[in-house]
Amino acid sequence: MTDSNDTAEFDSIPVDHAFVCADCGHRWYYTRRRCPDCGGTDVSTYELAVGELIAWTENRVTPADIRSPNRLGLARFGEVQLIAQLSDDEVSVGDQVAFEGAYHLRHGSETPKPRLTPLE
Amino acid sequence: MTPFENASDRSVVDLAGVAAERALEDGDYSRAEITSVHVGNALSEGLGTQAGLANALSSALGVEGVRSDRIENTSATGASAVHRGVEAVASGQSDVALVVGVEKMSVGETADVTDSIRQLVHPREYEQGLTLPSFAGLAANVYLDRYDAPHDALAAVAEKNHRNAVDNPVAQFQKRISVDDVLESPVIADPLRLYDCCPMTDGAAALVLSREEGVQVTSIASATGTHAVAARPDPLAIESVRLAGERTFDGVDLERDDVDVACIHDAFTVLELLELEELGFYDAGTAWEATLDGKTRLDGELPVNPGGGLKARGHPLGATGISQLIELVWQLRGDLPDQRRVPDAEVGFAINVAGFGNNSVCTLLES
Ligand SMILES: [Zn+2]
Numbered sequence: 003m004t005d006s007n008d009t010a011e012f013d014s015i016p017v018d019h020a021f022v023c024a025d026c027g028h029r030w031y032y033t034r035r036r037c038p039d040c041g042g043t044d045v046s047t048y049e050l051a052v053g054e055l056i057a058w059t060e061n062r063v064t065p066a067d068i069r070s071p072n073r074l075g076l077a078r079f080g081e082v083q084l085i086a087q088l089s090d091d092e093v094s095v096g097d098q099v100a101f102e103g104a105y106h107l108r109h110g111s112e113t114p115k116p117r118l119t120p121l122e
Numbered sequence: 025m026t027p028f029e030n031a032s033d034r035s036v037v038d039l040a041g042v043a044a045e046r047a048l049e050d051g052d053y054s055r056a057e058i059t060s061v062h063v064g065n066a067l068s069e070g071l072g073t074q075a076g077l078a079n080a081l082s083s084a085l086g087v088e089g090v091r092s093d094r095i096e097n098t099s100a101t102g103a104s105a106v107h108r109g110v111e112a113v114a115s116g117q118s119d120v121a122l123v124v125g126v127e128k129m130s131v132g133e134t135a136d137v138t139d140s141i142r143q144l145v146h147p148r149e150y151e152q153g154l155t156l157p158s159f160a161g162l163a164a165n166v167y168l169d170r171y172d173a174p175h176d177a178l179a180a181v182a183e184k185n186h187r188n189a190v191d192n193p194v195a196q197f198q199k200r201i202s203v204d205d206v207l208e209s210p211v212i213a214d215p216l217r218l219y220d221c222c223p224m225t226d227g228a229a230a231l232v233l234s235r236e237e238g239v240q241v242t243s244i245a246s247a248t249g250t251h252a253v254a255a256r257p258d259p260l261a262i263e264s265v266r267l268a269g270e271r272t273f274d275g276v277d278l279e280r281d282d283v284d285v286a287c288i289h290d291a292f293t294v295l296e297l298l299e300l301e302e303l304g305f306y307d308a309g310t311a312w313e314a315t316l317d318g319k320t321r322l323d324g325e326l327p328v329n330p331g332g333g334l335k336a337r338g339h340p341l342g343a344t345g346i347s348q349l350i351e352l353v354w355q356l357r358g359d360l361p362d363q364r365r366v367p368d369a370e371v372g373f374a375i376n377v378a379g380f381g382n383n384s385v386c387t388l389l390e391s
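Just so you know, the sequences run in chain order C and U.
The C-terminal position of the first sequence is numbered 122 in my numbering, with every residue numbered one higher than the one before it.
The C-terminal position of the second sequence is numbered 391 in my numbering, with every residue numbered one higher than the one before it.
Just so you know, these hints were derived from the structure itself, not from any lab.
Just so it is clear, the structure is predicted and the values come from calculations on it, not from any experiment.
Beta carbons: idealized from backbone N, C-alpha and C, even for Gly.
Check before you lean on any hint, since a few could be wrong.
[Stated by the list, open to error] To be clear about the criterion: a stretch of chain C counts as covered by chain U if any three or more of its residues have a C-beta under 8 Å from a C-beta of chain U, and this derived list gives those stretches:
(1) 31-37
(2) 72-78
(3) 89-100
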């Protein structure tokens, strides 16, 4: 059986936070209860600082509660890689990006969250 | 199989039943000989149609008493159902396995279908509104940039697959499109356009597995990959494709070079290129040139998607993987008109992929 509080705890991890394994130091973004490398369960979160934009796209056909177009970036923060919404600022591959601002990622969502934003 | 079409008048059970009866007739099997039924279907409950499909179908076919269950593996559902059927026959659990895949995507509003499909993604991907085309768009950008490939190379995949479907009576789109048609179609996820993406389809496909003579299943294997697409260290690497491919060739007396015809999961044009490379048919960064040079056309060195692929034959999730194998069976038997046939084909390969590489199933067939 799983503890429903655990799920709530994982769901509340901020968009700009990733996970790190206390046992082996491995880092990852996409929530897993165990370290994908060593299987350890002593996991903590940390805030992502500055990443590099690897690719981006503009998705024009989006789910009903998502903006259209939805600009999305694939970015690498050290050993962690993720895809997230981009701000409306002009971007190029190779740009430095960080999570900034407060937006509703889905229409009707309660908590505003940051988007990937190119740094000056 | 049934023709693949935009919207069928038949119910899910009826579509599956028609495909099943055609498969039995083709193999000259009676209903009484069937010992197991393996049903592939991805979206039936999600779209509010028939639940308990395996039981409804077995009863509709009048084969009550057999072992029957339903297999779900998103877009690779069809090949997974075949995998289960092969295991049942190989282990001696079943003598004659009927594998039926079916999907009726037209019953849902496009938004509902899109919604069912986007629920495949990781919760952190869902939060950002990611869709399968958005993964494909990002991968296409990386591919074109890394290998300095022209946008035409993607469009050429769609042009070829449409050309192959022209003479395929079961294909959803039996019409040619030009590279310009692709490039001028509406943008879905830059650089991918509408004609880079497979359609939504109604249809069913079925085959019978036994230890009798006929086209042989040399091997079938599957593998999972990471759930989240961005968790893959290289955005162009699809681990599940590579692993399933390796497992399929492991321990069999065949190499990539021996394959005469291939059905590749072209849900998006860029996927056909990525899979051909990941499977070892082409070196990384070279499948686009091979495509532009016509090497994957019907008269090329490795004909890919001779029936039109997902792009033009259509992609009714539960039926797609089975329709790939039916196409290979037709090719290996040589019972196709000349203009649609790969001459003297003896070895066929298929890959059916779930999500954007969450799971892959590969099959090798020999005449
Ligand atoms: Zn660890």
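Going down the list of hints, with the structure as the test:
For the segment 31-37 of chain C, the stated coverage by chain U holds: 3 residues have a C-beta nearer than 8 Å to a C-beta of that chain, and at least 3 were required. Figure legend: the segment 72-78 of chain C, annotated as covered by chain U; annotation consistent (3 residues with Cβ-Cβ distances under 8 Å, at least 3 required). Three residues within the 8 Å Cβ limit are the bar, and the segment 89-100 of chain C against chain U gives 1, so the coverage statement is violated.
The structure fails to meet hint 3 from the earlier list, while all remaining hints are met.
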